[in-house]
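Turn these sequences into a full structure, and let the hints guide you.
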Amino acid sequence: MTPYQPSGFSLTTRISSAHTLELAIRGDLDYDTGDEFSTAVNEALDAHVRRHGTALRHLHLDCAELRAIDSIGLSALLALRRRTHPAGVTLYFRHEPVYLTRMLEVTGTTEYLTERAGPAPDATRPPEERADSAPAS
Amino acid sequence: MGYAQRVPPFVISSSGASGGTRGGGVSVSAAWSNAPYPVLVVGGDGDVVDANEAARTLFPPAEGLPPWLADAHRRPRASGTPEQGVVSGTVAGRSFEAYSSPGEGGEVVWWLVEDTGHRLAEEALRTERERTELLEEISGVLLSSLNVDRCAEVTARTAADHLADAAVVVAPAQGRRHPLTYARAGGAVTQTLARVDPSSVPGLAEALQGFPPVPTRWIDPEELADWLIPPGFDGPIDSVIIAPLPGHGIPAGALILLRSSTHRAFTDGEEAFAHLFAARAGAALSAAHLYAEQASITATLLQELLPPRLERVHGVEYAGVYRPSQDHEDVGGDFYDVHPGADASQDTFVVLGDVAGKGLQAAALTGKIRSVLQALLPLSGDHQQVLTLLNDALLTSHHTRYASLVLASVRRSEGSEGAEGQVRLRLTSAGHLPPLIIRADGRVEPVDTLGQIVGALPKVTAHSVDVVLAPGETCLLYTDGITDAHGGPLGEELYGEHRLRHALRECARMPAKAVVEHVQMLAAQWLGGGRHDDMATLAITNPATGRSTRRTAHGHDTGTTA
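Chains as they are written, first to last, in full-length UniProt numbering: chain A, 1 to 137; chain B, 1 to 562.
One should not assume that every hint holds.
To be verified - Chain A is faced by these chain B residues, among others (derived, beta-carbon under 10 Å):
#, residue
1, Ser397
2, Asp448
3, Leu450
Unchecked claim - Computed footprint of chain A on chain B; a stretch qualifies when at least three of its residues, placed anywhere within it, have a C-beta under 8 Å from a C-beta of chain A:
#, stretch
4, 351-357
5, 431-438
6, 453-465
Said to hold, decoys possible - Pairwise CB distance ranges, derived in the manner of DEER restraints:
#, chain 1, residue 1, chain 2, residue 2, range
7, B, Thr461, A, Arg116, 17 to 27 Å
8, B, Thr461, A, Tyr92, 20 to 30 Å
9, A, Glu96, B, Thr461, 17 to 27 Å
10, A, Asn42, B, Ser144, 43 to 53 Å
11, B, Ser371, A, Tyr92, 30 to 40 Å
12, B, Asp392, A, Ala55, 28 to 38 Å
I should point out that these hints are in silico values taken from the structure, not numbers from a laboratory.
Glycine residues also receive a C-beta, built at the ideal position from the N, C-alpha and C atoms.
Structure (C-alpha cells):
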C-alpha cells in the first residue's frame, strides 16, 4: 500500500495578451513532472513568441492548485528564469503556497527568480538559444 | 467395385490351398508365397507349419519362432480365441508388427508387417523431444542466473550428464589465467583458475577468441592436453568435440566434450546438438560476464560515492546516517563529509548537502561537489569564498541542477584551567534547512544562517553564524528527506520541521550516534512503507564526557574554577 500517490500534473494558459502571460500549475511539480513542466512552459512561451514576437513582459505562474514542489521542481523554475529574464520577462508567483514561499526563502532564490527584468536586449535571437543562455558568473 | 470383387477369390484360394496341400512338402498357395510380407502358419504346438518366401528370406523357419512371437502365439491358444491384437518385436535386426488370423485345425496364420522406419522415426522424435526439453531446461536454469561461475557450473554439469561422459568449460582468460570448470557424468563439478596454453589444443584458441564464429570441431584424442582431462576421469578418451560458446559479440569461452572409449563415439546428430547447446550456454555465460563487468564497474565508481564512516575527531563526536531513496541502492543525492583538522588547534571542516534529483545521476554530482570541496580545504575557513568557488565550478549552461549545503567549521576549545571544554562552530547554510542545536537542557534552537544554493545562480551569498556547544549538546545537520517524509497516521502528512524539533528535545545529552539513529528511526516510522526522498543526518556533538559527569558529581570543584 502506498498512501502517497502523485497527482496528475498539468499546465494551462489562463491569460495571454501581448505583454502578459498567465499559466496555472496544477498538481505536483517534482522529480516525476519537472521535465513535463519545462516542455509545457517552453511550448507556451514559443507560442507566445510566434503570435506576439518579443512583446512579453510579465509571466505569472498561478500556484493555487500546486500540490507540492521538490528540488527538481525548483530546478525547473530556475531554468525557466534563465530563459525569461534575459528576454525581458519578469516572473511572478500568484497564490503562492506557504511551502513554496518557505522553499524559495531557504534556498535563497526568491529575489533571483522574481527579479525585475529590464527591456529585452536582443529580441532577434530564436527561443532555443535563449533557453540555453547561462548567466555569467 | 472391382476391388471388392477380387477379394473373395483371394480368400477362397488361400483357405482352399492351405486345406488341400497339407502334407510332407512345404507348399504354400500362390497368393501367400507371393505376398510382400512374411507370412507364417504356426501349429498349435508352436511349430512353424508353413512359411512363404518373404518369411524364409527373413529367417530360417527351422530355427523356430522368435521368442516374442512364440509368446504371442501361446497366449491366444490359452484363451481359446484367435488373437486379433497386434504384437511387435524384432527379427534379424528389423522391427515387425505381427497380425494373426485363425487358420484351420487350430493353426494360426501370422502376418508380419515391417515398421522399422516408423520405429526409427519415433525414436528420432523422442530424442528430439528430449533434446528440446534439455535445451529449455538449461536455458531456464542459465538465464535465471547472472553469476558467471554458476553458469559455467551448470553448463559443464548438464553437458557431462546429457551430452558426454565429461565436459570442460574453458572461459576467456582473466589476466593470464583461464577459469576452468570440469564436470564428470554423475560426478562433482570442480572449478579452478589455471595458467594454461589454449594453443596447445587444436581449435581451442580460435574458439576462445569467439569472433569470427568457428564451427564445432572434432579433435584427435591424442592431441588433447592433460589439463583438459577432468580430475578423477580415468580411462582412455575416444572422441572429443570442441564447441565455441558464442556470446553477444564477446567470447564466452569454449565447451569441450569428452567421451570415453567404453561408450560409443559422438554421432553427427550429437555434434549438431552440442552446437545448439553451446549457443544457449554461450548466450547465458556472456550475459553473466557482461553483468559481472557492469556490476564491478558500478561498484568501483560507487565506492567513491559512499558516505564515509564517521568517528570522534579532536574531542568532538561525529555521526552520520544516510538512507537513499532507492532502498536497493547505496548512493543518492545526499552526502556528507568530515575533514579532520591537521591537529586539535585546526578547524575540522564538515559538510552536509543535498543535490537536486535522486539516484545515480544525483550521486555523480555529489561526487563532483565532494571533490571540489576537498580541493578547497585550505580555504575552508572562509565559507563565503568556498561557496563562491564551488558555485563557479558547478555552474553550467546545460542544466540548473543545484545543491544545497551546510558548511561547518568545528574546533574544540579547552576552557582555561578546569573549565569545561566547549565546541565552537561556524555554520553556513547555502540554501539548506537550518541546522538545529539541541541544548543540554532539551531546548532545540534553529541556527539563523541563510544563504543561497550553489550551482544554479550566477552569484551566491551566505550569512554565517557562530555557535558554541556545551558538553552534552549537539548540532544536527539534516536533509529535507527527513522533514518532507510523507506519512503519519493519515498517510500523507509531512513530518515537518516542527515535529522534528519537538522530537529532538528528547535527544539532549545523547551521544551523536544515538541522535542520528533516533532521527532516522522517527522518519522511518513516520513513513511507514511509503516512498521517500534521500535522507541524511549528521550530528556534531560535544560529548557529555566522564569528566563533565564527574564534575557534576563533585559539585564543590565548580566553585574553585569560577
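Do the hints match the structure? See the list:
no., hint, result
1, Ser397, "holds (3 Å)"
2, Asp448, "violated (12 Å)"
3, Leu450, "holds (6 Å)"
4, 351-357, "holds (count 4)"
5, 431-438, "holds (count 4)"
6, 453-465, "holds (count 8)"
7, B:Thr461 x A:Arg116: 17 to 27 Å, "holds (19 Å)"
8, B:Thr461 x A:Tyr92: 20 to 30 Å, "holds (23 Å)"
9, A:Glu96 x B:Thr461: 17 to 27 Å, "holds (23 Å)"
10, A:Asn42 x B:Ser144: 43 to 53 Å, "holds (45 Å)"
11, B:Ser371 x A:Tyr92: 30 to 40 Å, "holds (39 Å)"
12, B:Asp392 x A:Ala55: 28 to 38 Å, "holds (35 Å)"
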